[in-house]
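Asks: As a plain string of letters, each chain reads:
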Amino acid sequence: MIDRRLVEYFDWWMLALTAILAGFGLVALYSAIHAGVDTSNANLFTKQIVWYSAGTVVMVVAFLFDFKTYERWGHLYYILCIAMLVAVLLFGKYVGGSRRWLAIGPFTVQPSEMVKLAVIVVLAKYYARVSNINGVGFRELVTPVVLTAIPFALIVKQPDLGTAMVVALIAGAITFYVKIERRTFSCLVAGCALVIPVVWMFLLKGYQKQRVLTFLNPDRDPLGAGYHVIQSKIAVGSGMLAGKGFLKGTQNALDFLPEQHTDFIFSVLAEEWGLIGSLAVMLTFLMLITWGLGIAQRSRDPFGKILAVGVTAMIAWQVFINIGMVMGVMPVVGVTLPFISYGGSSIITMMAGVGLLLNVSMRRFMFEQ
Amino acid sequence: MSDVVRTYLESTDSDWFNQRLTILLIFVFSVFAVLVARLVYLQVIEGKEYRRLSEINSIRLQDIDAPRGLMFDRHGKLLVDNRPSFNLHIILKDAKPLDETISKLSRVTGESIEDLEAQIEKNKRQGPYTPILLKEDMGRDLLAAIEVDKYDLPGVVVRVSPRRHYLFTRSAAHMIGYVGEISAGELKLKEYADLKGGDYIGKFGIEKSFETSLRGKRGGKQVEVNANGQVVNVLNTVAAQAGHNIILTIDHQLQTVAEGLLADKSGAVVAMDPNNGEILAMASSPTFDPNWFVVGMTPEQWNGIVANPFRPLENKAIKAEYPPASTYKIVTALAGLEEGVIDANTTFFCPGFYKYGNRIYRCWRRGGHGEVNVVKAIEQSCDVFFYQVGEALGVDRLAKFAKASGLGRRSGVDLDQESDGLVPTKAWKRKRFGTAWQGGETISVSIGQGFNLVTPLQMAKLMAAVANGGTLFKPNLIKSMQSLQDERVVDTVPTMEGNLPVKPENLALVKKGLWSVVNNRRGTAHSSRLKTIEFAGKTGTAQVVGRKTVEGLEEDQIKLMHRDHAWFVAYAPAENPRIAIAVIVEHGEHGSSAAAPIAKALIVAYLNIGEAEAASAGGGQGARAGGPRAETPQKDAVIETPEREDTAPAGGEQIPND
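Quick note, the sequences are listed as chains A and B, same order. So for the first sequence, the working numbering puts the first residue at 134; every next one is plus one. So for the second sequence, the working numbering puts the first residue at 1357; every next one is plus one.
Only true hints are included.
Under 10 Å between C-beta atoms, here's a sample of chain A residues computed to sit facing chain B:
(1) Tyr310
(2) Gly372
(3) Gly376
Note that these hints are calculated values from the structure, not bench results. No residue lacks a Cβ here, since even glycine has one placed at the ideal position from N, Cα and C.
Given these sequences and hints, build the entire structure.
Replies: If you want it as structure tokens, here you go:
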């Protein structure tokens, strides 16, 4: 059954870039949990290795079967994810004022992470069918908008504005890739320009406006997000050119940053490894994203192309938002840095995404003449 | 379909789709360029400054505590406020050299070095920049000493935080409640998500039920500190939001009177405005000082509270359940009249006992009451009359009325730990004991003994409904709430729960009986009548059965524990009532002698007729029955009867006239 060409075409570059990022992640995580006085998080390192292993298994499953299989059955995964998002709102665990996690047996999963891939797959399947040289029009946009709006609304409700935004941005990137018909595009832009002020003035309540404003400008919350941004900027900036050295970070050690092992992990890296280390990580990300787009280019199958763009967009957006947030140029949101932040749902989702990229990459020959 | 697409893709793939990809790629590179530029700015251009800021960790957050809402009585008298507490903290990272600082601190404060070090060790995990609390609520002398030595004590800071203060140390303690330090378990609850360890929250009473309104919202400051940890610059401030002030419905003066009357006794008093359900006084005795919970108790204080057999921490007004005894005859009478079992003219003959099956049920008055109608039966608390009403009604019809009168369920007052009470039915007994209801049990229930249980608050609520013509109000503790942010005062709207299911003429009959209890010569509370004003009431004497013997009691205390509970429920004035009252005195023995005088004194105090009463007594009109009399309980004579009542002051064996 195994075609020899599958092995021949295996994308070792992609795998290597992922492994390098995971390596950076483990180093940063080790710093984040060992430098402080509080060592209660020490077991997270072992757990993270478990997540990488589980992620590897999921990744293998994701590339082993022909991506056509996922095209056929993707909607089932989508429905499962939506059901879990509904379940989160009903039975989810409250942590810090929002419901994001669902307890399934001994595990807690974050369905908002899983649903990203679901949206990518169903949109790719749909667009692969309807796209044409002039781009998609209004009629073809209805389905993708609905498919995106459902998880978007459920995630906003948790509330997790950051992840909801990522879902919308991924859908936007995919739609941009398949091209929107010129007139439709103009209408949409004009429509948004009209609708947004109306929503702002008449539909949002006072506290909702406050939340959005704080989301866009963390300085409005000087005791929470605004303070974290200051501390994060100090951490990054104090790394200077060469960094303070492994386990020598002080910002990190003082527990000034919340979520330093998840959302703010890049600040730990930047403080200890300086500009050199930070650039190395960013360069690796840039290579991985470029490579992902290259896979889309080389694929001969429309579903495969769109799938590859979608997964790459997911990784790219999260890198932009997370690193931007840590450096104080993006809103403070709960978006993880792919492959590096601590967390099972994030790691497994990202590695499943890599599995799909490998899948599309190694099966590019199938449509060659 | 898909063939069409494929053909299109294959024909154009390299040109067109790649063009889209190129745009995406340009976008990705531009964003990376921005991020790299930002990184270079932070790490290279501003790097030195950030390195400096990170070395002394100069940007810190300081809390600004939100003052908790104050409480006032209905006339605006301040009952609960906050006072400043000066707390001594140490910030480890600034306190260098640490050993030297600690030994200096030990000299100034008088605390041993070991104690200080132990306290630091315990809290070290919070991080070197988190102030560690060393001493709470410092005295003025110590505060002055610390201020003088400030520059020799690096990293030692004094922070002021508001602390709860209950002005009247033992007054309304059960109702107002107290605050205490949040526990580790409570910190995990969603409702306390904004709080941190060391914060105080309401633990009991109104402090607990209105926690969210009272608490307010903590603010904070972003500050820049120098190498010694001293603030050199305030970067940003978020003001704290004070909690809402609460104006209670209680009348502090009346509350004080009630507590004075209950002092040295075990029991409870509830006074209510019958026109809107506002609680005017709620006292439970013995009581405690809520300040103990704020500043912490010595083991002796705590053991004293816990070992007290009269349960000082229990709010007897809402939690303690007692047999209603003869006060329940109000319910039995209403039920009998409404169900047509009796009417205004029905009379029963009371020979002093009633024979049911082969058992004899005695009236509290051995000689009997003779021919009795419903008004006289209430007035003289004739047991035999109500035995027969109860028998004709059956327990379930009686229970229906009791439940409609607000018994057997919580009154809905905004305090936790309220008890349900108990209204027995046939179905209840089958479920609870698995046995059938006995006819004799109905006989006991009809005069409020047997399985019946009520709380003082339930009885006050019922009395208020009788007084106001039949409306049951939810007992209300909060007159209004005042927001300090917008200066808005929100009044509580009275909540009507429903109506007593009675016709006005039947209620009027019962009210006539209640009036006679006090104002008729043969009424059981005649000795407590007032000259300037007429009020109505009902006495009750609840048998104490099967009380567990408490270890470690003196013999006379054990004897006391077996005495009956004294009840009195009342409203005043009899016409257009303004106050409804329930009084219970545990082991007070007789409603007329132990409980009724308390209700009388409350009425005098609330209606402000003290002077008028004294004047009219001085007029020489009623010197005979005026002052409190030592009553001689005829205990031996009535020992087997299910109900005992004081004899009317006039005494005698003759059958009284109507």
